[in-house]
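Asks: Chains X and Z, in that order, are what the protein sequence lines are. Residue numbering for the first sequence follows this note's numbering, starting at 152 and increasing by one per position. Residue numbering for the second sequence follows this note's numbering, starting at 87 and increasing by one per position.
Note that these hints are calculated values from the structure, not bench results. Do not take every clue at face value.
[What the hints assert, rightly or not] Cross-link-like lysine-lysine pairs, in silico, DSBU-like; alpha carbons within 30 Å at most:
(1) Z:K307 - Z:K327
(2) Z:K307 - Z:K224
(3) Z:K173 - Z:K327
(4) Z:K170 - X:K394
(5) Z:K224 - Z:K234
(6) Z:K205 - Z:K224
(7) Z:K205 - Z:K231
(8) Z:K313 - X:K240
(9) X:K394 - X:K201
(10) Z:K224 - X:K240
(11) Z:K205 - Z:K313
(12) Z:K327 - X:K394
(13) Z:K173 - Z:K234
(14) X:K240 - Z:K327
(15) Z:K313 - Z:K327
(16) Z:K205 - X:K201
(17) Z:K205 - X:K240
(18) Z:K170 - Z:K307
(19) Z:K231 - X:K240
(20) X:K394 - Z:K224
(21) Z:K173 - Z:K205
(22) X:K240 - Z:K170
(23) Z:K234 - X:K240
(24) Z:K205 - Z:K170
What follows is the residue order along each chain.
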Amino acid sequence: MTRVILHKELAQMLRAPATWLVLGILFVLLAWQFIGRIDPWLALQPELAKLPAAPGLTESLIAPAFNATAWALLLLGPLLAMRLLSEEKHQRTLTLLTSAPISLRHIVLGKFFALLVLLCAIIFFSAMLAASLHLGGALDWGLIASNLLGLLLLAAFIAAFSLFVSALSPHPLMAAMAALLLLFLLTQLPGFTGDSKWLPLVSPLYQFEPFNLGVIDASACVYFALLTWAFLWLTMTALDRAKRY
Amino acid sequence: MPDIVSSESPSTPRLAARGLTKNYARHAAVNGVDVQLHQGEVLGLLGVNGAGKSTTLNLLTGNLIPHSGTVNICGADLLRDPVKAKKHLGYLPEVAPLYPDMTVDDYLRFAARLHGVAKNNLLAALESTKARCGLADKSTTQIGKLSKGYQQRVGIAQAVIHNPQVIILDEPGVGLDPAQSNQMRELIRQLAQNSSVIFSSHILSDIETTCSRVAILHQGKIVLDEKLAGFATRHGTSLEKVFLRITQETAA
Numbered sequence: 152m153t154r155v156i157l158h159k160e161l162a163q164m165l166r167a168p169a170t171w172l173v174l175g176i177l178f179v180l181l182a183w184q185f186i187g188r189i190d191p192w193l194a195l196q197p198e199l200a201k202l203p204a205a206p207g208l209t210e211s212l213i214a215p216a217f218n219a220t221a222w223a224l225l226l227l228g229p230l231l232a233m234r235l236l237s238e239e240k241h242q243r244t245l246t247l248l249t250s251a252p253i254s255l256r257h258i259v260l261g262k263f264f265a266l267l268v269l270l271c272a273i274i275f276f277s278a279m280l281a282a283s284l285h286l287g288g289a290l291d292w293g294l295i296a297s298n299l300l301g302l303l304l305l306a307a308f309i310a311a312f313s314l315f316v317s318a319l320s321p322h323p324l325m326a327a328m329a330a331l332l333l334l335f336l337l338t339q340l341p342g343f344t345g346d347s348k349w350l351p352l353v354s355p356l357y358q359f360e361p362f363n364l365g366v367i368d369a370s371a372c373v374y375f376a377l378l379t380w381a382f383l384w385l386t387m388t389a390l391d392r393a394k395r396y
Numbered sequence: 087m088p089d090i091v092s093s094e095s096p097s098t099p100r101l102a103a104r105g106l107t108k109n110y111a112r113h114a115a116v117n118g119v120d121v122q123l124h125q126g127e128v129l130g131l132l133g134v135n136g137a138g139k140s141t142t143l144n145l146l147t148g149n150l151i152p153h154s155g156t157v158n159i160c161g162a163d164l165l166r167d168p169v170k171a172k173k174h175l176g177y178l179p180e181v182a183p184l185y186p187d188m189t190v191d192d193y194l195r196f197a198a199r200l201h202g203v204a205k206n207n208l209l210a211a212l213e214s215t216k217a218r219c220g221l222a223d224k225s226t227t228q229i230g231k232l233s234k235g236y237q238q239r240v241g242i243a244q245a246v247i248h249n250p251q252v253i254i255l256d257e258p259g260v261g262l263d264p265a266q267s268n269q270m271r272e273l274i275r276q277l278a279q280n281s282s283v284i285f286s287s288h289i290l291s292d293i294e295t296t297c298s299r300v301a302i303l304h305q306g307k308i309v310l311d312e313k314l315a316g317f318a319t320r321h322g323t324s325l326e327k328v329f330l331r332i333t334q335e336t337a338a
């Protein structure tokens with residue numbers, strides 16, 4: 152049943168011109184900033200080559216590019232998620248799903264995976280950009296793999312979080328704005344708190360950093376998995392509570 | 087009046103609700119409502135606006151959880167085993183749950199899969215439902231571009247595509263012109279051949295021409311529940327008079 156929902160959501164999102172517009176803009180921006188890094192790097196190349204442990208192609212170009220992908224995910228998640236529950240509430244179509252012989256778990260998971268698939272399109276596009284550098288030199292595939300894993304975990308968290316905010320409001324735009332604002336605040340927390348030890352821990356981008364540097368951090372994996380699970384559970388709870396009041 | 091239901095109903099009802107109560111803030115929107123629906127019956131739920139009709143139907147379909155009371159659909163408890171109970175249920179809410187960007191075919195196919203219609207039965211269910219609901223020539227039309235009457239038909243089609251035993255329609259006649267209303271009544275009579283139907287309305291003629299039984303809901307309580315056959319003889323007056331008396335008595 153999760154698949155029935157997943158198919159419907161994907162088809163609906165791909166039918167909407169807005170989805171293609173947002174995806175297209177993000178693709179262009181990502182490609183642009185990626186290409187923009189290549190020239191300065193080539194100009195610095197003679198200097199860099201003199202260093203004993205010069206940073207490689209992957210470190211200097213691909214890691215920052217993947218960092219930009221992480222930002223693109225933060226932007227895209229809330230915008231796509233507003234359709235998934237908030238608009239269903241607004242159009243009062245959610246009743247079709249909640250009257251059918253299908254549990255809330257399947258509804259939420261179907262929508263979550265549909266969103267994750269679209270977020271993975273951005274990750275895939277970034278991976279293609281990175282792989283294109285293979286034409287010009289040797290790549291550190293380990294670093295690329297750790298980045299992709301990190302992005303996937305980050306995308307899962309963003310999808311679950313945005314879906315939860317989408318479940319709270321029957322106003323799609325409000326849901327998208329609230330999710331964007333909250334995610335942005337979470338990413339800025341380390342900057343606000345200076346030396347605080349625990350506040351950076353709630354920042355998703357802070358948790359993504361080790362992956363970006365090529366380290367597969369087990370505690371960060373657990374962090375993303377737990378938060379994703381928690382927000383999916385909260386989404387189901389929010390939908391269930393709506394029936395009780 | 088059409089004779090839809092046999093005078094003898096089987097002993098186990100298709101749908102049985104007992105003591106349904108739902109409170110909003112401090113007042114009870116629905117207060118101790120009992121509903122029974124037997125095979126082949128068309129039950130009209132009659133009430134003025136705000137009487138609690140939609141709340142009752144939302145409780146019967148699991149879209150609201152009651153503060154107390156039970157709902158049993160074809161032997162399955164709606165609160166304890168909602169997935170099993172909802173298999174026997176088709177529901178058209180007050181606002182038809184339609185996706186304007188989908189075509190009629192895509193939408194009905196999705197509704198069928200959602201209600202557990204097997205893949206190899208899908209095409210047959212789709213075609214027969216479209217034929218029944220008069221949608222055969224609208225297969226590839228986007229729902230958003232259909233007229234209100236056709237949209238309402240799509241709403242009914244999604245509720246019946248899986249041949250449920252119990253069909254619940256919340257004010258299916260709202261916003262329809264007289265010709266469309268007639269077609270709607272005809273469709274409900276057809277549906278009653280295989281299923282039991284509950285529909286709510288505040289239009290007396292809809293109830294009188296379509297239903298075998300009427301329940302009047304007033305201020306969250308069922309104040310009258312009986313067969314329509316012989317109604318005038320038993321009460322010595324029409325359903326309309328009885329309805330007006332009930333609703334005006336308490337208003338005064």
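Asks: Are the hints correct? Go through all of them and say.
Replies: Verification of the hints:
no., hint, verdict
1, Z:K307 - Z:K327, "19 Å, holds"
2, Z:K307 - Z:K224, "41 Å, violated"
3, Z:K173 - Z:K327, "39 Å, violated"
4, Z:K170 - X:K394, "18 Å, holds"
5, Z:K224 - Z:K234, "13 Å, holds"
6, Z:K205 - Z:K224, "22 Å, holds"
7, Z:K205 - Z:K231, "28 Å, holds"
8, Z:K313 - X:K240, "37 Å, violated"
9, X:K394 - X:K201, "67 Å, violated"
10, Z:K224 - X:K240, "26 Å, holds"
11, Z:K205 - Z:K313, "40 Å, violated"
12, Z:K327 - X:K394, "36 Å, violated"
13, Z:K173 - Z:K234, "28 Å, holds"
14, X:K240 - Z:K327, "39 Å, violated"
15, Z:K313 - Z:K327, "16 Å, holds"
16, Z:K205 - X:K201, "66 Å, violated"
17, Z:K205 - X:K240, "28 Å, holds"
18, Z:K170 - Z:K307, "28 Å, holds"
19, Z:K231 - X:K240, "21 Å, holds"
20, X:K394 - Z:K224, "34 Å, violated"
21, Z:K173 - Z:K205, "16 Å, holds"
22, X:K240 - Z:K170, "24 Å, holds"
23, Z:K234 - X:K240, "20 Å, holds"
24, Z:K205 - Z:K170, "19 Å, holds"
Of the hints listed earlier, those the structure fails to meet are numbers 2, 3, 8, 9, 11, 12, 14, 16, 20, in rising order.
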